[in-house]
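Got chain A; can you put chain B on it based on the hints?
Line order of the protein sequences matches chains A and B. Residues in the first sequence are numbered from 1 upward in steps of one, following my numbering. Residues in the second sequence are numbered from 1 upward in steps of one, following my numbering.
The set of hints was computed from the structure by calculation and includes no laboratory data. What you are looking at is a predicted structure, and each value in this text was computed from that prediction instead of being measured. It is possible that part of the hints are untrue.
[To be verified] Pairs of lysine-lysine residues, derived as PhoX-like cross-links and limited to a Cα-Cα distance of at most 25 Å, are as follows:
| # | chain 1 | residue 1 | chain 2 | residue 2 |
| --- | --- | --- | --- | --- |
| 1 | B | K92 | A | K138 |
| 2 | A | K460 | A | K387 |
| 3 | B | K92 | A | K79 |
| 4 | B | K92 | A | K129 |
| 5 | A | K446 | A | K435 |
[Said to hold, decoys possible] If you want a taste of the chain A side facing chain B, the calculated C-beta under 7 Å gives, among others:
| # | residue |
| --- | --- |
| 6 | H12 |
| 7 | T17 |
| 8 | G24 |
| 9 | L48 |
| 10 | N52 |
| 11 | G137 |
| 12 | R209 |
| 13 | D267 |
| 14 | G316 |
Ideal Cβ positions, reconstructed from N, Cα and C, are used throughout, including at glycine.
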Amino acid sequence: MKWEVVIGLETHAQLQTKSKIFCGASTAFGAEPNTQADAVSLALPGVLPVLNREAVVCAIKFGLAIGAHITDRSVFARKNYFYPDLPKGYQISQMDLPVVAGGAITINVDGADKVVNLTRAHLEEDAGKSLHEDFHGKSGIDLNRAGTPLLEIVSEPDMRSAAEAVAYAKKLHELVQWIGICDGNMQEGSFRCDANVSVRRPGEPYGTRREIKNLNSFRFLEQAINYEVQWQINEIEEGRKIQQATVLFDPDTGETRMMRSKEDAHDYRYFPDPDLLPVEITEAWKAEVKAGMPELPQVMQQRFTGEYGLSAYDAGIITSSREMAQYFLDAVAAAGTANAKLCANWIQGELAARLNREERSIADAPIKPAQLAGIVQRIVDNTISNKIGRDVFDALWNGEGKDADAVIEAKGLKQITDTGAIEAIIDEVLAANSKSVEEFRAGKDKAFNALVGQAMKATKGKANPQQVNDLLKKKLGA
Amino acid sequence: MSLDLEQVQRIARLARIEISPEEAATARDQLNGIFGLIETMQAVDTTGIAPMSHAVDVVQRLRADVVTEQNRRDAFQAVAPETEAGLYLVPKVIE
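Just chain A, with the same shape it has in the complex (with noise of 0.2 Å):
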């Protein structure tokens, strides 16, 4: 019997403001513990909450770029519950009125488009880090993380496999990147995310989810699913109900194990926190927010289909990173808009991959765009053969000479264009490989391509291969 497998996410993007969100310590990652754990930070008596402006435009900005509602008065509130690395005893979070309601993301899932709607976005502070090895019998508590401003993202149970909760949260990762209210670093937490899943048979309403906690790849998040879907349709095909239930995934052995029940747990008694008045954001501050943003992907890759033809595609992939949509634009601007397609070719293609190879990012890619345009405008005016661009390409990456000029100068890599030329070293080919000869007039296509690569070979690639199989032919007499 088939089941359907229903997905909402929850996600943490942790902002990146200088300070705090309640209070002036720094938020830098890496520090000594408890050095920026400050007194509101350890919840001394008599502290009191201070808002970061920066924090709330952080969410603005995410409200825009999703087409949400931006809620005009916003309020924040007490969510309690007791842990060692929150000393207030309560978490400051939104409730009722958080920043940003509604929205959606786009996503595509082998060629197909699909909505995922967003519920809320809200500010909230991050607690502390409790270290449970090493104190004889004790546990250390770091709270320089507390107070660290964060953006929950919450999405509506709209996912329906554990390969569009991944598309979904890819998205949502390169969006928070592009309008610069979050780094992105997954190993050092800033960005992460909960699960909570749930299966049912199709038409029927939504089944009992267990949320799985704080995935931190996009790998993790993937098999984290995959497995709870699995044992959730093993437990009911045996009989036995789901449980609402808080899970973590042991990326050891790829499932996902119980944490705690969560009848007491859940009970967070959220009310308004008297600490801290309405937030007004008002329609003239909303509307500097949205003029100091970049160009979003979604619109900027409606302009590169548009005024480049690229496929919607090749768009997607080059305006995953602003960094990559700068470069695209970059190369473009240098090699003419008429070779946008082949620049976008370059850069998905070879400049990916090699990037990729040696895991740098595209910032500090030893080829800059005027020279990967420079090896673009040699091959479309045919001084050299795609293979050979490859070549230039691999010289500049090392750094042997400023252009493709140069390298293709220095190096004696010009496309030969000579037929009289050409034609003397086909017919030293034909001479020397009179056996692929006879079986090419004996009918075998293949042979044809042993004689092409032959000739190839002899001229050392620099041959332009389209002239070759034209002589090749008229030579044959095929």
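The following block gives chain B in isolation, referenced to the frame of chain A:
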């Protein structure tokens, strides 16, 4: 609306407040007295009046995003019951 003893004890547990059966009974009566007040207030017709989230009708003042706090760990940890390697030590919280 009124609370029973069991609900009072549950709220006390969630708030980590130790409460004797006598105190629970007193707290229940006091809380139910407050519910009585709320009921009286809810009888007032508030049609067309926007709810307030705070008793004072002003908006939040915002702070510029500037780091103003220095490292004062030594001073803070001097009054902590136990510290080690810069961390505050607390009774172990997981089994």
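Now the hints, each set against the structure:
In summary, the hint linking B:K92 to A:K138 is supported, as the alpha carbons are separated by about 4 Å, within the 25 Å threshold. Only pairs whose Cα atoms come within 25 Å are accepted, and A:K460 paired with A:K387 is accepted, the gap being roughly 11 Å. About 23 Å separates the Cα atoms of B:K92 and A:K79, which keeps this hinted pair within 25 Å; it holds. Simply put, B:K92 and A:K129 have alpha-carbon atoms about 13 Å apart, close enough for the 25 Å limit, and the pair holds.
Between A:K446 and A:K435 the CA atoms are separated by roughly 12 Å; this keeps the pair inside 25 Å, and the hint holds. Annotation: A:H12 was flagged as interfacial toward chain B, and the flag is violated, the nearest CB pair being 19 Å apart, outside 7 Å. The interface hint given for A:T17 holds, since its Cβ lies 5 Å from the closest Cβ of chain B, which is under the 7 Å cut-off. A distance limit of 7 Å between C-beta atoms decides the matter here; for A:G24 the minimum to chain B is near 3 Å, and the interface restraint holds.
With a least beta-carbon distance of about 11 Å to chain B, the hint placing A:L48 at the interface is violated under the 7 Å criterion. For A:N52, the suggested interface contact is upheld, since its CB lies about 5 Å from the closest CB of chain B, less than 7 Å. Interface hint at A:G137: satisfied, since its Cβ lies 6 Å from the closest Cβ of chain B, which is below the 7 Å cut-off. A hinted interface residue such as A:R209 counts as satisfied when its beta carbon comes closer than 7 Å to some beta carbon of chain B; here the least separation is about 23 Å, so the hint is violated.
Because the smallest distance between the Cβ of A:D267 and any Cβ of chain B comes to about 6 Å, under 7 Å, the interface hint for this residue holds. With its C-beta approaching chain B no nearer than about 33 Å, A:G316 sits outside the 7 Å limit, and its interface hint is violated.
The earlier numbered hints that this structure contradicts are 6, 9, 12 and 14.
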